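J.: One letter stands for each residue in the lines below.
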Amino acid sequence: MSTGTAVGPAPHPRTVVALTGVTKEYPGPVAALRGVDLTVEEGELLGIVGPSGSGKSTLLHIIGTLDRPTAGSVHIAGHEVAALSDRRLSALRAQHVGFVFQAFHLVPGVSARDNVAEGLLYSGLSRSVRRRRAADALARVGLADRLDHKPHQLSGGQKQRVAIARAVVGEPALLLADEPTGALDSASGAAVMELLRDLNREGATIAVITHDTEIAAQLPREVRIRDGQVVADVTHGTAATTGAAL
Amino acid sequence: MNGERGRGGGRGRGKLKAARLSPRDVAHVGSSGLRSRPMRVVLSALGIAIGIATMISVVGISASSQAQLLRELDKLGTNLLVASPGESMFAGEEVKLPEESVGMVGRIKGVQDVGATADLNATVRRTDKVDEDDTGGIAVKATTADLLRVLRGEVGSGSWLNAATGRYPSVVLGHVAAERLGITEPGRQVWLGDRYFTVVGILAPLPLAPEIERSALVGWEGAKRLLDFDGHPTSVYERSADAAVEDVRTVMAATVDPQNPQNVKVTDPSSALRAKAATEGAFSSLLLGLGGIALLVGGVGVANTMIISVLERRYEIGLRRSLGATRGQIRIQFVTESLMLSGLGGLAGVALGAAATGVYAQSGGLPWVVPLWAVGGGFGATLVIGTVAGLYPAVRASRLSPTLALHAA
Ligand SMILES: Nc1ncnc2c1ncn2[C@@H]1O[C@H](COP(=O)(O)OP(=O)(O)OP(=O)(O)O)[C@@H](O)[C@H]1O
Ligand SMILES: [Mg+2]
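Chains as they are written, first to last, in the working numbering: chain W, 1 to 246; chain C, 1001 to 1409.
Be careful, since some hints might not be right.
Derived pair list, reagent style EDC-like, types lysine to aspartate or glutamate, alpha-carbon separation capped at 20 Å [stated by the list, open to error]: (1) C/LYS1129 <-> C/ASP1194; (2) C/LYS1015 <-> W/GLU202; (3) C/LYS1017 <-> W/ASP86; (4) C/LYS1265 <-> C/GLU1100; (5) C/LYS1075 <-> C/GLU1154; (6) C/LYS1015 <-> W/ASP86; (7) C/LYS1109 <-> C/ASP1268; (8) C/LYS1096 <-> C/ASP1228; (9) C/LYS1276 <-> C/GLU1211; (10) C/LYS1265 <-> C/GLU1099; (11) C/LYS1075 <-> C/GLU1213; (12) C/LYS1017 <-> W/GLU80.
Covered stretches of chain W, going by a simulated chain C footprint (3 or more residues, C-beta under 8 Å) [said to hold, decoys possible]: (13) 59-66; (14) 75-87; (15) 92-104; (16) 116-124.
Because the hints were derived from the structure by calculation, they are not lab data.
The model shown is predicted, which means the values in this text are computed figures rather than measured ones.
Ideal placement from N, C-alpha and C gives every residue a C-beta, glycine not left out.
Isolated chain C (complex conformation) (with noise of 0.2 Å):
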């Protein structure tokens, strides 16, 4: 070549090769309209935002629960077990247990607590002068020493009953029970049966035995003394080893009562908050729908807003193009525009999202969950988004004719 010019013409005359742009400067182009608009980006990338938001928290919110749920769970044990009788063969039969089912069922390998509580036939009232029928659904039970540790309750205030009060008038109000009854401290005295008992202590909350919750419980031995109780359990209570629960499950009914294990109904008190939790987990659908309509306007609002940057940008267009811009190489700096925009409104969706869940658990006092693969979809989604938006914009503004960008002006 022509070495005095040493310009051009030197490089000259070879192959035609175009350079391609390096990740960084695809990144630089394509945030160049951006940047010089940053009220409309705002805008167009809202509804992508508020659609990523919708959907995240309502994912986020509802593993917030399950988690709180599953949380209390943990707590509670999934070992607990309870045997009580199941329908008689015979209508109006009353079923009992047999008398000696408690301790039999002590004896089973890997139990590890056993309790036991049984209906009594008397009514719990504020006073002898409230009517014997306004028993406030309020059943009065007798109950073995270990009960409260097997469903690993606690006391809310005062006492549980030991081998002392247990003997004499006394009895422990579930929390369910001392509410209705207008109770709120221990020492207060309740007509029970045919005398004055007094109250000796108020269960906390029990999630897992809500029956107990609505109960006056006496003492074992007390009951049989003072109400004529004949010492056949109703139900059995009985915590093992995690490892040994399907195992004590085959044998429970056999052993509460080998004479008619068919009438011995075993169930898991844990299993329904299992499926309360299961349903927690599954979201509403209508409102994940409602979000991904929001996120759908927002898509298009990503394409009219490329459309109209297209349309804004054409001597720019022309500009590029005579600079050596390929075709390619346009198209690729408006989808990086469309996914920039599209990926800045589902950043904020994110955090949103992320933080109306945090709100919500907070208040709740749940613990914040934001699901991952929650954050992950909905990113992708839209990425997704900004490029099927900004394909069509991107492929019109290729194919304009570079003298026609530059003609006018």
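The shape of chain W in the complex, shown without the other chains (with noise of 0.2 Å):
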């Protein structure tokens, strides 16, 4: 266990998120963050948890590039994100970060295939190109007899895994999910949690934002936040992991 000592400004090429001293400051003011180190090494699975209000959502915004640091440095997949044009920062989502959101956020009308493709729009790889990744990441998270349903012909669970699918299509470095299982039911969210799970296996970097204090203990690492602060940090020895805690 390890409350992130700072990595310094040239991190380990296997280091996929390296965030120093991250503050992030509201209006208000609120202070949503406040000194934040976090370390995550590629082909590590950690869930993010916290009460209600933590940051949790706001630090994985900032992981994510959606947002940038009040202060504090922020490395993703080896570029320094402070650094980044509008441009870079979008062209590193493109092509390191997938996104999963608790409201799925899929483009109601469109089929399922067509939604995940929608993952590669900005890659800029063909069409055809696009819609061949598409079916095979819904055949990775199961989907292989769902390509050309509507978002309004699935379940919950099935929803959610297409946005999985659009996330993880990429190939991301990483993968982020803010409460993916917070729209399901408990069977549903446990076979989401699964699927991640698999994914982790096969190599995915994944960062999980839950609310659910068991779903977390069962990951391979946790981290805590309170008030915007790291409170802790623990790696669960006997999950399989390569990148452990530091």
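From the two separate chains plus the hints, produce the assembled complex.
T.: Set out below in structure tokens:
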């Protein structure tokens, strides 16, 4: 166990996420994050847990480069985020980061396959390649037989699996999920968590926000947050993971 | 890099370069918002459609009328000149053209046909019982046999004067004159001068010579014998080769009356028609202005729709940003959507305006003309409007924080 020591500006090549002293203040003033240090190595699966309003989503947004910190440094897939223009930051997200949201955010009236293919739209691949990879990604999440289903023809769990397929279709260095099971019943939720574990076994680096302490306890690594600070960073020894905590 | 991953990490830490969207992808993304709300598309494109349709039909209808006049002019020819006495220097003095002027004009180089008429001091009435002053505005004229050919006129019914009928009390009526006299077919008699004349023919309309349409025409020789005609023409009509028109015009007055060329007025009857064609071509700027206002209102409607569209689609925008869309790509998406919206309105407007012009032309027997410049200009205007209307919403969309867009839900 370790409360992430500062890693310095040149992270290890296998380090996917390196936050140093990250602070995020909103006008108010609200300090959503206060000096967070966090390192995630390639191949890790970690849960981020904490009470409501503790700063989990804010942390995920900063890791996902959707937001910039007020202070501190962020390295994602080896890139210093503060130094990047909007175009480069967008390219970073297109190439290296996949998001899964609690509310799925599928495009209504569009087939599962085209929803997943949308995940590659900004990657520069041709339409036919995008559609082929989308079919592969759907097969990977167990929905090979639902390619042409529209979102309204899918169950909640299936929708979230489509959203996960969309997030992983570009084979990102990092998969970020903000309460992916929050809108699902416990059975579907467990299936989604199992899927994330499968993807992690195949090599994906994944960070999941969850309210569910039981779910968090089953993950190889658990980062606990309270009032914008990391209060615990636990590695559950039994889990098979390459990039254990420092 | 770490070969065993074979995923994003492999592509990993190289250069970051935002990929371009292909034109097809831009069109696809730009139309996605429209496809999901067809009714809104129709309603917000309607304003632009009405504006463009108004402008196209205003321009189209005037162009069609103009084309009709020009076509008519083409048929009638622009190579006709008429010599007639001008204002006399001495008030009240009756000015006539010399007797030999018809023959002289015929000898001008380039002249193909010559005809003449002479105003006679006689009236024409339905019967001798009608009051002498009640002429109905009908003039009695003597005419040479060639007049009809010079005017490219046609006889509506009956026949034209010939050597035989021209000598006897026979008369040909212009169509207006016939109408005023209440005569619908040849064979009837009319009281002309001091005796009955037989109507042998009624002329078809003569757009180039409205004065003949209102005349009763008597043969040249017959008029001399029966109506004390002195043989002096009042108007000499000539038709020349197109290329010779200007040359003929310069010498015509001097040829007609070598002693007093200043007393001869030479006119070109087709110029009046040409002037009319020119004014038909000048469309009503008031209607055009109304179309412009409709277009402007349509543009505001599109801008409004786009702003609502951006508000409604905050999540989609956030999603696209999280998938790697740059600000520029979000802007392009919404400008494209706006362009498509107004472009659709423009297409519908062009079609509507062309159809309205077609209906008008059809009902008026006009050729159907929709000038290409108007179609191009109208469509170009919608594209400009689409860009302007979409720019502000697009910039707003691109400035939305990706996290704000995803927060609620
Ligand atoms: N855009 C914002 N403007 C101002 N304050 C904000 C904004 N976003 C978040 N906050 C504040 O920052 C703090 C952390 O918010 P955050 O959404 O990260 O919490 P969370 O841990 O994800 O909570 P939950 O479990 O309820 O989703 C909260 O106090 C919140 O009110
Ligand atoms: Mg949250």
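J.: All hints are to be evaluated individually against the structure, with a verdict given for each.
T.: Evaluated hints:
no. : hint                    : verdict
1   : C/LYS1129 <-> C/ASP1194 : holds, 12 Å
2   : C/LYS1015 <-> W/GLU202  : violated, 25 Å
3   : C/LYS1017 <-> W/ASP86   : holds, 11 Å
4   : C/LYS1265 <-> C/GLU1100 : holds, 17 Å
5   : C/LYS1075 <-> C/GLU1154 : holds, 13 Å
6   : C/LYS1015 <-> W/ASP86   : holds, 14 Å
7   : C/LYS1109 <-> C/ASP1268 : holds, 18 Å
8   : C/LYS1096 <-> C/ASP1228 : holds, 15 Å
9   : C/LYS1276 <-> C/GLU1211 : holds, 18 Å
10  : C/LYS1265 <-> C/GLU1099 : holds, 16 Å
11  : C/LYS1075 <-> C/GLU1213 : holds, 18 Å
12  : C/LYS1017 <-> W/GLU80   : holds, 15 Å
13  : 59-66                   : holds (count 3)
14  : 75-87                   : holds (count 6)
15  : 92-104                  : holds (count 10)
16  : 116-124                 : holds (count 6)
Figure legend: structure checked against the earlier numbered hints; the only hint not met is number 2.
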